[in-house]
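K.L.:
Mind docking chain B on chain A? Use the hints.
In order, the protein sequence lines correspond to chains A and B.
Per the numbering used here, residue 415 is the first one in the first sequence, and the count goes up by one each step.
Per the numbering used here, residue 642 is the first one in the second sequence, and the count goes up by one each step.
Hints listed in this document are in silico derivations from the structure and should not be mistaken for laboratory results.
For each residue, glycine too, the CB sits at the ideal point set by N, CA and C.
Be a bit skeptical, because a hint or two may be false.
[Unchecked claim] For the chain B half of the interface with chain A, some residues (derived, Cβ under 8 Å), not all of them:
1. Leu685
2. Trp724
3. Gln749
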Amino acid sequence: EPEVTQTPSHQVTQMGQEVILRCVPISNHLYFYWYRQILGQKVEFLVSFYNNEISEKSEIFDDQFSVERPDGSNFTLKIRSTKLEDSAMYFCASSGQQGEAFFGQGTRLTVV
Amino acid sequence: AQSVTQPDIHITVSEGASLELRCNYSYGATPYLFWYVQSPGQGLQLLLKYFSGDTLVQGIKGFEAEFKRSQSSFNLRKPSVHWSDAAEYFCAVGRAGGTSYGKLTFGQGTILTVHP
Chain A
415 EPEVTQTPSH QVTQMGQEVI LRCVPISNHL YFYWYRQILG QKVEFLVSFY
465 NNEISEKSEI FDDQFSVERP DGSNFTLKIR STKLEDSAMY FCASSGQQGE
515 AFFGQGTRLT VV
Chain B
642 AQSVTQPDIH ITVSEGASLE LRCNYSYGAT PYLFWYVQSP GQGLQLLLKY
692 FSGDTLVQGI KGFEAEFKRS QSSFNLRKPS VHWSDAAEYF CAVGRAGGTS
742 YGKLTFGQGT ILTVHP
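Looking at chain A on its own, in the form it has when it is part of the complex:
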């Protein structure tokens, strides 16, 4: 069964450092998303991406965040200068033309 894969599963970084979280969406999907879940809180939408551009973004997705689809298979989330409060589980998801979103296993980001 096709699945969304995310790497790494766990990333530890120092405050102020840049991190890139990587995702390989399901191959025939067209829509891509990033979500985050701070420990003990709800899963929150960050951004959606279609046709090589951002479709929607939440107020959380400020200038320190960016997304990119550098090639035909990868979808990345970059955080330019990490803060302690960026520590969370980050989920990538993808969906097809008409349908539900499929989520990856998540990357746990710990900022120290």
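P.N.:
Using the frame of chain A, we list chain B on its own:
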């Protein structure tokens, strides 16, 4: 703005007992509704979805959910719970069209514990 409420943070049931997890939503248009499950250390797995049509939808692992527009609810049910169902369950709402299917608002989740 859309919102989802899962009133029960933690539910404990005995193996073999029936289960109902509650979900209430607030949304201005016809909602697209989902239930996801997250086992420890795992990602979010889709259990079932409601887009339109029959208000009782069947999902994987023997789960079903019923959409009740009048009550703004989409409760998840299972007639007989197995120990492997212990996990956290999330209700989510989205809307139709393109990227909107995957732009979801989640509830805070219900942790299910199953006693042998």
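K.L.:
Do the numbers back the hint for Gln749/B, that is, is its least Cβ distance to chain A under 8 Å?
P.N.:
5 Å, holds
K.L.:
Using 8 Å as the Cβ threshold, decide whether Trp724/B counts as touching chain A.
P.N.:
With a minimum Cβ separation of about 22 Å from chain A (threshold 8 Å), the hint on Trp724/B is violated.
K.L.:
Less than 8 Å between beta-carbons is the criterion; does Leu685/B satisfy it with respect to chain A?
P.N.:
4 Å, holds
Going through the hint list in order, the structure does not satisfy hint 2, though it satisfies all others.
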